[in-house]
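J.: Just need the whole structure built from these sequences, with the hints factored in.
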Amino acid sequence: MSDDAILVEGLRKSFGEVVALAGVDFAVPAGTVLGLLGPNGAGKTTAVRILTTILGRDAGHAEVLGIDVDDDPQTVREHIGLAGQYAAVDENLTGYENLRLVGLLTHLPENVVRGRADELLARFELTDARNRPVRTYSGGMRRRLDLAAALVHRPPVLFLDEPTTGLDPRSRTELWGVISQLVGEGTTVLLTTQYLEEADLLADRIVVIDRGEVIARGTSSELKADIGQTIIEIDLADPANAQRARSALATHGLCDVETDGHTVELKVNDGSRAAVDVVRTLDRAGLEPVSLALREPTLDDVFLSLTGHAAEEPPEDTPSADGRDRRGAA
5 MSDDAILVEG LRKSFGEVVA LAGVDFAVPA GTVLGLLGPN GAGKTTAVRI
55 LTTILGRDAG HAEVLGIDVD DDPQTVREHI GLAGQYAAVD ENLTGYENLR
105 LVGLLTHLPE NVVRGRADEL LARFELTDAR NRPVRTYSGG MRRRLDLAAA
155 LVHRPPVLFL DEPTTGLDPR SRTELWGVIS QLVGEGTTVL LTTQYLEEAD
205 LLADRIVVID RGEVIARGTS SELKADIGQT IIEIDLADPA NAQRARSALA
255 THGLCDVETD GHTVELKVND GSRAAVDVVR TLDRAGLEPV SLALREPTLD
305 DVFLSLTGHA AEEPPEDTPS ADGRDRRGAA
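Residues 5 to 334, numbered by our numbering, are exactly what the sequence shown covers, in order.
Heads up, a few of these hints could be off.
Said to hold, decoys possible - Cβ pair distances, simulated, as ranges:
1) Arg136 to Ser18: 40 to 48 Å
2) Gly64 to Pro243: 47 to 55 Å
3) Thr79 to Ala26: 22 to 30 Å
Keep in mind that the hints were calculated from the coordinates and are not lab data.
Ideal Cβ positions, reconstructed from N, Cα and C, are used throughout, including at glycine.
T.: This is the structure in structure tokens:
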């Protein structure tokens with residue numbers, strides 16, 4: 005039997021003439037986190053909806069815990085949890101009532117549901133708000149309750165589809181901590197995200213997807229190493245001087261002016277030696293930088309290098325057969 009909790013091979017899905025997935029392959033070993041990274045419209049959510057039995061595939065193979073998602077969708081639902089981009093909780097029910105409802109829908113005995121609801125409310129620091137209607141919860145509280153609801157039936161596999169979208173930095177950090185705890189307890193997680201920091205922190209391995217195709221895969225360190233360059237950032241304060249610096253430094257490596265208009269980014273292969281040459285070049289051009297810093301590549305740099313655009317792009321209208329979130333068996 006395979007050690008992979010999730011297996012996807014040649015997965016294809018189209019909506020009319022729009023190709024959402026064009027033959028995607030990836031696997032998630034049990035007890036690990038796979039970060040599915042890409043911008044809106046890349047096909048991440050479509051892949052999750054197929055794996056969670058919300059959508060049918062056009063071609064290819066998809067299984068969870070060795071179970072084909074099309075052949076036996078009910079059994080798959082009984083073994084997974086799903087938390088999506090928007091908290092799928094009933095605003096008119098209390099936090100406790102939401103968890104109790106999910107427990108009953110997943111066919112847990114009433115006495116087990118009560119204990120599990122109490123346990124999860126405590127774990128997600130929602131005990132004090134257990135009897136308040138969810139409409140009175142903050143965005144971070146709703147997202148924590150949504151994740152708690154996905155865990156009521158103790159699923160061994162958890163799908164998190166951009167779970168921290170729209171959260172403030174503190175709430176995002178708190179949710180990251182909870183996800184790390186779950187993985188430490190043996191849960192397998194497929195995490196889709198636009199946030200490169202999130203993938204860098206949580207994922208054991210990363211699959212980069214763009215326009216329905218896998219364009220890179222590996223650990224965060226491996227993906228960064230593939231760029232193989234040190235980045236020198238030079239702040240010139242004045243946009244006109246930044247353009248002059250770009251022209252002067254072009255012979256040292258790949259050089260461009262950042263969107264702020266006054267920061268020049270130069271990619272070089274020998275950072276320490278190149279930095280000395282950069283200072284000399286700027287001095288000869290009569291340019292005095294406000295600051296000069298060396299740094300190693302980030303996942304932002306990886307994504308920009310692979311696709312030519314940033315990962316965190318404005319939302320696009322993408323086809324969807326079902327915009328609702330679903331979790332567990334119903």
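J.: For the pair Thr79 and Ala26, does the Cβ-Cβ distance stay inside 22 to 30 Å?
T.: Roughly 28 Å apart at Cβ, these two residues keep to the hinted range, so it holds.
J.: Do Arg136 and Ser18 keep their Cβ atoms within the hinted range of 40 to 48 Å?
T.: holds, 44 Å
J.: Taking the beta carbons of Gly64 and Pro243, is their distance inside 47 to 55 Å?
T.: holds, 49 Å
Going through the hint list in order, the structure satisfies each hint without exception.
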